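All chains should be built: construct the whole structure from the sequences, respecting the hints.
Protein sequence lines, in the order shown, are assigned to chains A and B. Quick note: the first sequence uses this note's numbering, first residue 1, plus one each step. Quick note: the second sequence uses this note's numbering, first residue 1001, plus one each step.
Don't read these hints as lab results, they were simulated from the structure.
List time: in silico DSS-like cross-link candidates among lysine-lysine, alpha-carbon distance up to 25 Å:
1) A:183 <-> A:410
2) A:53 <-> B:1030
3) B:1236 <-> B:1285
4) B:1030 <-> A:14
5) B:1247 <-> B:1285
6) B:1235 <-> B:1285
Just so you know, these numbers come straight off a predicted model, no measurement behind them.
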Amino acid sequence: MPEYPDLPLPEDGKLVHNITHFGRALRRAGLPIGPGRVQTAIEAVAAAGFTEKSDFYWVLHACFVNRPEERAIFHQTFRLFWRDPRYMEQMMALLLPALRGVQEEDRAAEAAKRAAEALLADAGMPPVPETPESGDEETRIEIDATATASADERLRTLDFEQMSTEEAAAARRMLGRLSLPVKPLPTRRLRPDSRGRRPDWGRTLRASLRTGGEIAAIARRRPATRWPALVVLCDISGSMAAYSRMVLHFVHAVANRQGQGQNRGWAKVHAFTFGTRLTNITRHLRQRDVDAALAAAGREAQDWQGGTRIGESLHAFNRDWSRRVMAQGAVVLLITDGLDRGAPADLAREMERLRLSARRVVWINPLLRWDGFAPRAQGVRAMLPHVDTLRTGHSVASLEALAEALSDPKDHGEQARLIGMLGAEN
Amino acid sequence: MSITAVQALLAGERYVCSRALATVNFLALKLGRPLFLEGEAGTGKTEIAKALATALGRRLIRLQCYEGLDAAAAVYEWNFAAQMIAIRAAEAAGGADRDLMKSELFTEEYLIERPLLQAMRPQAGGAPVLLIDEVDRTDEPFEAFLLEALSDFQVTIPELGTIRAPEPPIVILTSNRTREVHDALKRRCLYHWVDYPGFEREIEILQARAPEASETLSREIVAFVQRLRTEDLFKKPGVAETIDWAKCLLALDVLTLSPEVISDTLGAILKYQDDIARLQGMEAKRILDEARKSLEPA
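The following block contains the structure:
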């Protein structure tokens, strides 16, 4: 850590005022600081005194910083602020557009929607049709659904790439209603359950006290359950663009579905996009409005439709994120066509690492929809042995079928067939 | 007490810490707030609690977190087996009075105290040091429970009443950041990110922990490990690994590092097969050469 050099401290009388002010500056820089923290900081400074100037830095650091990422912001703000608070104010005003990001996004307004559409159109996708008045839209879809079931059925199996703009919009709405059921996992924790297999002596005893020590029935319990986390790694390079956008719609729907009790679903959904580099878009997917969410994600991930560096992106994920998002046995959904130009050995190594840290790795490869698909590409060959199951994801129906792949540990999708083809070639 | 005093106190227990870490420790002691230490594995987070407890002459109570940790394992549990026996004995003696039994069965005699409750009890040398280790390994319900326990330093047992700590324990929470701990819990604590130490400090640490190593060897070891941390590894070696490795090398009577010795003992510093495979052979030699070069001007 940098030791902070000489800094002129303000007059003691103004100190409380200045710390409050400093807290406010940090808050504007994006750190979540409330009055409680400022209070602590004032107490802490009073307790530590001013024996050394660099201590002042660390005292405030202990009170205001909560995450490693915040250290750099704190350092910069501190440096600027305690040099001249007014100068700081001016700087903040200049930096605001860049730093305010988070609050800005909360307004999922028309503007953001337009931005999302602009982004989609720019990227060469079929432009999203003008969204009609919501009332109209609802009725029209309902009529569609009831009158022509077969049209619906056709839409379900239609390839995303071959859809007209109207069909794509309808498919997106279908995806929005789709869920990705998941089975809960048993934990070591026990909960009362009359049909459980383990005795609960505590409850048995307390019940027996009510009847004067007579044990009428043995209370039982069984392991409680928890829900696994889902990690989505989505390839957004040129060859995948049409599919990844659809899949992200689907992921957004899954991430925002909050069931209760037995239907709670995924504990957490983390999403990353990659092309030439890895981007974490989890935060953006939490927004309710799907257009706003994808627009925000698009702003963050600059490489829509660039090239693909799967190996390097997976390496970045393994190094920076896997320990943080996969600690509790997450299921990984990897969406890519496997067309990687890097060294196959590197890709294979990163895939192996990924699989070792995940509960299950599900690879969705839209290329599989072609009957004649064979694992010829180097990347596909390298990745194939290191996934649990391989599925296609080119249509609404195939995404629906994913649920099955996730809940059945023995499901391997197309993997065995393709590995067989690899073997036959060698 | 001052920050310098805390630093000296820890140094007395062979724990070499930076001014920054000493500052948060001082604040935690002075303000009576829990201390939340986050950082890579093997940077001395757990060790500081032990050093602090020994230096202050307090008892160290450790709660190792794991997935599925619940109140029965963390706070208290009734000794049901003993209670059942007591009931049967009372019945056999013919005096199974309901109210009497309730007041006799749920007493401290049948209470099994777990770490959190132990920490609330008065201790001989003063309030104990409560180490809640690897809090990121528990789940959110337990975190929420901790939040309550740590803000009031009291535990309520329905049958006995509320037990309040006469003097709040010194609480140290550690996390390896395998997941993000909730902000509400962090907010109640003083936060510090424990980083890998710089070259000079790591030498100091190594000399405190493995004094048998010669100065040349120590410098070589630290230079190599520091250089290794700049490599693109899945798991970078921590200070604990540096110390372990030094001890391994001492046990093998190594006087100076060589690529062969490094290859043979890599298991002490790197714990993932991919990382070890990378370092075998030429890579080890290259890093050693670079480490040696960095030592030269000094």
